[in-house]
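Enquirer: Below, each chain spelled out in residue letters.
Protein chains: 4
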Amino acid sequence: MTITTRTALDSNPAASPEALTALAKCIDACLRCLQTCCNCADSCLHEEHPEQMRFCIRTDLDCADICAATVQVLSRASRPNLETVRALLETCRIACHYCSLECLKHSQVHDHCRICAEACQACEVACAALLRQTPLDQEIH
Amino acid sequence: MTITTRTALDSNPAASPEALTALAKCIDACLRCLQTCCNCADSCLHEEHPEQMRFCIRTDLDCADICAATVQVLSRASRPNLETVRALLETCRIACHYCSLECLKHSQVHDHCRICAEACQACEVACAALLRQTPLDQEIH
Amino acid sequence: MTITTRTALDSNPAASPEALTALAKCIDACLRCLQTCCNCADSCLHEEHPEQMRFCIRTDLDCADICAATVQVLSRASRPNLETVRALLETCRIACHYCSLECLKHSQVHDHCRICAEACQACEVACAALLRQTPLDQEIH
Amino acid sequence: MTITTRTALDSNPAASPEALTALAKCIDACLRCLQTCCNCADSCLHEEHPEQMRFCIRTDLDCADICAATVQVLSRASRPNLETVRALLETCRIACHYCSLECLKHSQVHDHCRICAEACQACEVACAALLRQTPLDQEIH
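From first to last, the protein sequence lines are chains P, F, H and S.
Residues 234 to 374, numbered by the working numbering, are exactly what the first sequence covers, in order.
Residues 234 to 374, numbered by the working numbering, are exactly what the second sequence covers, in order.
Residues 234 to 374, numbered by the working numbering, are exactly what the third sequence covers, in order.
Residues 234 to 374, numbered by the working numbering, are exactly what the fourth sequence covers, in order.
A few of these clues could be false.
Because identical chains cannot be distinguished in the list, a pair is counted as satisfied if it fits within a single copy or across any two copies.
Here are the simulated SDA-like pairs of lysine to any residue, each with C-alpha atoms no more than 20 angstroms apart in a straight line [unchecked claim]:
#1 K258 - E323
#2 K258 - P368
#3 K258 - T237
#4 K338 - T367
#5 K338 - R312
#6 K258 - S311
#7 K338 - L253
#8 K258 - I236
Think of the hints as simulated: they come from the structure by calculation, not from any bench.
Quick caveat: nothing in here was measured; it's all calculated off a predicted structure.
Produce the entire structure from the sequences given, and follow the hints as far as they go.
Expert: Written as structure tokens, this is what we have:
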């Protein structure tokens, strides 16, 4: 059987079953976005005119680091501090939003930017969807 | 000469000199918090009753991952996407706030929790200070 | 079209086409292993007797952090420092090997350990395969 | 009292006191190196001719990611899998070695490269020192 994010989450004794579908989708989108952003930054750097890609590289690197943190936090499927998770999801959504906007500017010239913009958009949507399912009120611990 | 975060930032050709003091302070606080949170999670796990430290461990791990991402993003001292940086600083501030609250509950019994709470509080303050100096409006790129 | 690690790597202007299949496979195995290790650590922590899972949690966390670094380094498909990449692949292979051994001990009782052991084994194999295709000699830069 | 890496490690109930001095020194060197490498990559990118700094940027980014993983693993001061730690320390040592060599090439022109080379060298030395104190034989768990 192929291991998926969902099967892993289902095995967590502390995971609440409600939002697991949106959670798995968001983790997978972050994993994909992390990979394409690292690749896009490296690709931009090796284009003929890297001086034109400075902001794209920087945005890629920020988005990759934020996606990596988001993957790690979300993969702890036990009840987290909800305010922290909401703020992180919102940060990841914003980072993906601006990274996709920047990549879109170059997407007709550079295929890695087109691919990265697409992965960022998917991640932005997945973060927003999970945010809508993440309750505002904090559990008492 | 000892290398400091400030001397490193000063050498960046794209850094704007305005907020460098608050920036260096925030990076250093995140580095310290990253280290104490990793240590506190491992220490809690090895206490006699780790089942009582579950939420503290989880909060430590989340805080560590978020601090690591914040260090990396902030250490790129060139002009970033300001909305991303603001959201990340706010996330880091929140993660530190709740991690310090959780650690404080155990700080009279466990020295690692006392140390971690202190480092988290310092990081919370440093993030808030840098947020106050980070402009709201986005530069056009 | 679905974005895959391979399509992202193919878009990198500096990627050498030789080892791209093994490279993409290794990145995907690391991404999967990162996710299952984070989940397994959190799951172990929430089992009835976390004091019996200490070493498993610790090994999971180490493996996750090493996989995350490996994903980021490998996703830069341009010619890297080969000694660094070889050492990192070997480290990731070793971390996955011992994490899978530890998880296997608990895999009949805890499903998350069974899933994590499987993901670690796949990542160990993928790192070894990529190592065999990574030349020993260093390019001159 | 100022929190240091050493005071944090001393509070860990599972830390073995033998190598704590070398451990604290290595963690601090990795934290410093992580920060200077992130800064150097961003600085190189914003120099007048980033196309001449491609390999330096790439090496900086790899070194930063490897240092971040090393900080996280080493900050778990409880008895780790020693083979994993030895391999990771060796990887970090190698990454720092080559990053310092690359930065040295530009250190007379770019101050951030001079600073980064120095931090990398210090980290290389600290990893080698800790390696010498890390036993080869694996504890039975």
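Enquirer: Against each hint, give a clear statement of whether it holds in the structure.
Expert: Status of each hint after checking the structure:
1. For the homomeric pair K258 and E323, the shortest alpha-carbon distance inside one copy (16 angstroms) is at most 20 angstroms, but the shortest distance between copies (25 angstroms) is not.
2. In this assembly of identical chains, the alpha carbons of K258 and P368 lie at most 20 angstroms apart only when taken from the same copy (18 angstroms versus 33 angstroms across copies).
3. In this homomeric assembly, K258 and T237 come within 20 angstroms of each other (Cα to Cα) both inside a single copy, at 10 angstroms, and across copies, at 15 angstroms.
4. In the homo-oligomer, the alpha carbons of K338 and T367 never lie at most 20 angstroms apart, since the shortest distance is 32 angstroms inside one protomer and 26 angstroms across protomers.
5. Only between protomers do K338 and R312 lie at most 20 angstroms apart by alpha-carbon distance; the minimum there is 18 angstroms, versus 39 angstroms within a single protomer.
6. Taking CA atoms no more than 20 angstroms apart as the test, K258 paired with S311 passes inside one copy only; the shortest distance there is 17 angstroms, against 30 angstroms between copies.
7. In this homomeric assembly, K338 and L253 never come within 20 angstroms of each other (Cα to Cα): the closest approach is 34 angstroms inside a single copy and 27 angstroms across copies.
8. Both within a single protomer and between protomers do K258 and I236 lie at most 20 angstroms apart by alpha-carbon distance, with minima of 14 angstroms and 15 angstroms respectively.
Hints 4 and 7 from the list above are not met by this structure, while the remaining hints are.
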